[in-house]
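My request is simple: use the sequences and hints to build the entire structure.
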Amino acid sequence: MRFSFLLFLLACAVPLSAQVSIHTYVDKTVIGDAETVAYTLELSGDLDDIGSIQPPDAHGLTLAQGTPVLRSQSIINGETHLTLRWLYRPQRTGQAEILPTRIPIGSRTIETDAVSVEVVPQSQRTTPRASRVQPNLGQKPDPPARSEGDLFVRAEPSTRNVVPGQQVVVDFVLYARSGLRPRHSQVTGTWDTEGFWREELDVPTADTYPRPVTIGDEEYNAVTLRRMALFPTRTGRLEIGEMTFEVEFFSNSRQSSPFGPLFSPFSNRTSTEDVAAPTIALDSRALPDGAPESFGGAVGQFGMAAFTDRNDLAAGEPLEVTVEIRGTGNIATLAPPDVDAPPTFDLFSPKQERRIDRQTSSLSGTKTFTYALVPRGGGSFEIPPIEWTYYDPESGTYKTLRSSSFRVDVSGPVASSAIVPEGNPSDPSVPLGLMTEAIWQRARSSSGIPAFALFGGFALPLLALLGLVAVRRVGDKRADVSAETIALRAHPEAKKRLKEANKALGDAPAFYAAVELALRSFVSDRLGASVQGVSRSQLEATLANRGVSVRTREGVDDLLAECERAQFAPGLAGDKAVQKLATERAAKVFASVDDEANPVAA
Amino acid sequence: MCALFLFVLLQVQPAADAPTQAEELFALGVELYQGGDAAGAVAAFAGAEATGMTSGMLHYNLGTAYLKLEQLGPSILQFERADKLVPGNNAVAHNLRIAREEAGIVAKTSAWTAFGSRVAQFGGPALWLLLALAFYLTLITLTGYRLWTLKKTSWSRRAITILVPATLALFVVAISAWESTRLPFAIVLSENAELRSSPSPDASSRATLHPGERVRIMEIREGWQEVSLSDGVSGWLPTRAAERI
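Chains as they are written, first to last, in our numbering: chain S, 166 to 767; chain B, 26 to 270.
These are calculated hints, taken from the structure and not from any lab test. Check each hint, because a few of them may be wrong.
Unchecked claim - Covered by chain B, according to a simulated footprint, are these stretches of chain S (three or more residues, beta-carbon under 8 Å):
1) 596-602
2) 621-628
3) 631-643
To be verified - Cross-link-like lysine to aspartate or glutamate pairs, in silico, EDC-like; alpha carbons within 20 Å at most:
4) S:Lys745 x S:Glu729
5) S:Lys745 x S:Glu761
6) B:Lys93 x B:Glu126
7) S:Lys516 x S:Glu559
8) B:Lys93 x S:Glu482
9) B:Lys93 x S:Asp723
Backbone N, C-alpha and C define an ideal beta-carbon position, used for all residues, glycine too.
Below you can see the structure in the form of structure tokens.
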């Protein structure tokens, strides 16, 4: 009897409690030194308080990747199932061992058992096979309940109720009554299997030898002639058509005599007969509703491993992400899982390879999808976990496998194509991407400006001004300062000139020249326009234009007239007392002009 | 007085290497975001902000990362902050609009508030207040000179004629900008935040606010902040329920 290549080893089954069960196994107990072995840890039960699970250490093996190549969690009938899988590489040939690992669950800690693996030189390894035996597929159907003649063939399916994609292994078994010994058979004609995708399996050698079966009261020999794996492609009643075999057999008419073989050694007769396996029907029902998005039609029992060829690369170099699905089912027609690449990666269609094992009791194998991802720019990226769902007809549920995420560091400048700088977007419903450059500034205090500071800042200067003016006014009042003094204080140039005039008291021409100069300077300063050299009539007109009263204008004109007279006829000029009066009149004129004159002409 | 204003303007100085740290974290956030790790990007951008440096682009990226994570309240908050720092930026306006639409938020802002916010964006209220103060002091000084000396010169009169309206205009601008900071806006972050009639969890509820809604902070008191809504309704929210823009 041949053994399934991928023998899942039940390494331990630690009875924890009614809440949690643990199951560990490896996919191969014998591996080549260039192969890897997948160590799987399955936990089920109440896993709410489960802690961090570390991959077990190993002797003679080393972890191929620190993170699990598979992390799958599902809830079936309220029970949590967690599956973790790590890949180990052999370090040397010989006996290797995956050591126990401790798993914290709540306040308890459970420990798995060690698992042994034999590492042999790769040259001693045959083509690897992937399989996980389906119990119902491995079972041979019961022999027919009634005889259909001396020689007949039946199509014996592993099941008659299926869903699309589910594997049905059909054995074509020849039954020959004792005395008939099949020698050779071949299929004749065509075989109609509409509604199925089919693959031929190898018939195990043991099954090609006659095996005694009892049908009714008759003894028969059964021989498996052909084994087919059929996969329904649609729902409904599907028929497996008639298959006709040309069977060559020996018949021994004296078989009943105990001396026949001894005395009639050549009495066996070879005959050929066409024998047809009748048509049988299968009922193909639809898959249950509620399939996850990652379901692509896979039906059977599968495992998944996903890994990258490296974690560090340069921008523009390809990164290979390999997703390996192995198991029993419609492996040949599996659709590639979806791989989400970061936005700055170009993702190419996966390269697909499949290895089908036809030597097992059901079709099994491995399908490998290798995706090429090419980063356009540098940075640290994470490729999200890869999810893949299959339908398990044995449990009648969808099961989702999930890999871990992959961290990839890409050297090189950050890709700019994914960055959408400011600008008018073309699609108003799609957010724009990030900005890659920032203009920095120091963060402002969020305390703001207090109200007292604001109002104080504005009120204090005003108050200070008002106070200053008030003090000045009070001081002036106390000193009984006249309007003339105030006017002269406002016009220091005129005041200075009047002082100079006072120095020339007694010298009439000089005195009056200084007074006239002081007067004209004052008026020029006050009006903002020079009145030096203008005639008296022109000056009067200018003053009138600025709103100066007639009386003040007459005062100005009288003073100027007195100054002219004194300068051109010094003998008519008065004495010092008269000159001093002229000074006082000038101050009054200044005050009047200062008070009345508008800055702008009317 | 000037010292008072300088005191107000003084800020805590970030560490000397803060700009470098901020740039490194900013670049890391961009990388993480591009790698599909929006949550990691948020952490990196927040780290950049924690250095004491800020940037409109930083807040924009934070908002975009939050938007990716479908955390609309923080996303809108960050976009609003970005809008304050880089006013008129199309990308900020675009993503802010999307975030508001996803949150079902309709932005309502009065003309005076919008004016104050816009004005405050250009140099902040302190600049406007300083400018207004400079004009004001000039006006006061000139007036004081005239009143002190009683010298009614034409140039001083012309100067006063110009300074009075200019100072008034600046004062209005500064006050609006100042008010926008004195009574800042905040964005609601909590789901179904109850607007209470008084600062107590047992007080009656006046309204239920949703993440992304914009409120004005009137007063802050021991874990509570009094806020007013755009429709005039006011009440108290826990301080953690809304964060200042």
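Checklist entry - Do the alpha carbons of lysine 93 of chain B and aspartate 723 of chain S lie within 20 Å of each other, as the hint requires? => result Judged against 20 Å, a Cα distance of about 92 Å means the pair is violated.
Checklist entry - Is lysine 516 of chain S within 20 Å of glutamate 559 of chain S, Cα to Cα? => result At roughly 30 Å apart (the allowed maximum being 20 Å), glutamate 559 of chain S and lysine 516 of chain S break the hint.
Checklist entry - Are three or more residues of the region 631-643 of chain S within 8 Å, CB to CB, of chain B? => result Contact hint for the region 631-643 of chain S vs chain B: holds, 3 residues under 8 Å.
Checklist entry - Would the pair lysine 93 of chain B and glutamate 482 of chain S pass a check requiring their Cα atoms to be no farther apart than 20 Å? => result Distance of about 28 Å is beyond 20 Å: violated.
Next on the checklist: Taking 8 Å as the Cβ threshold, is the statement that the region 621-628 of chain S is covered by chain B upheld or broken by the three-residue rule?
Outcome noted: holds (count 6)
Item to check | Restraint check for lysine 745 of chain S with glutamate 761 of chain S, where alpha carbons must lie at most 20 Å apart | outcome: Violated, because 25 Å separates the two Cα atoms, which is more than 20 Å.
Checklist entry - Straight-line Cα separation of lysine 93 of chain B and glutamate 126 of chain B no greater than 20 Å? => result Answer holds: lysine 93 of chain B to glutamate 126 of chain B is near 14 Å, not above 20 Å.
Next on the checklist: At least three residues with a C-beta closer than 8 Å to a C-beta of chain B: is that true for the region 596-602 of chain S?
Outcome noted: holds (count 7)
Next on the checklist: Can you confirm whether the C-alpha distance between lysine 745 of chain S and glutamate 729 of chain S stays at or below 20 Å?
Outcome noted: 16 Å, holds
In this structure, the earlier hints numbered 5, 7, 8, 9 are contradicted, and the remaining ones agree with it.
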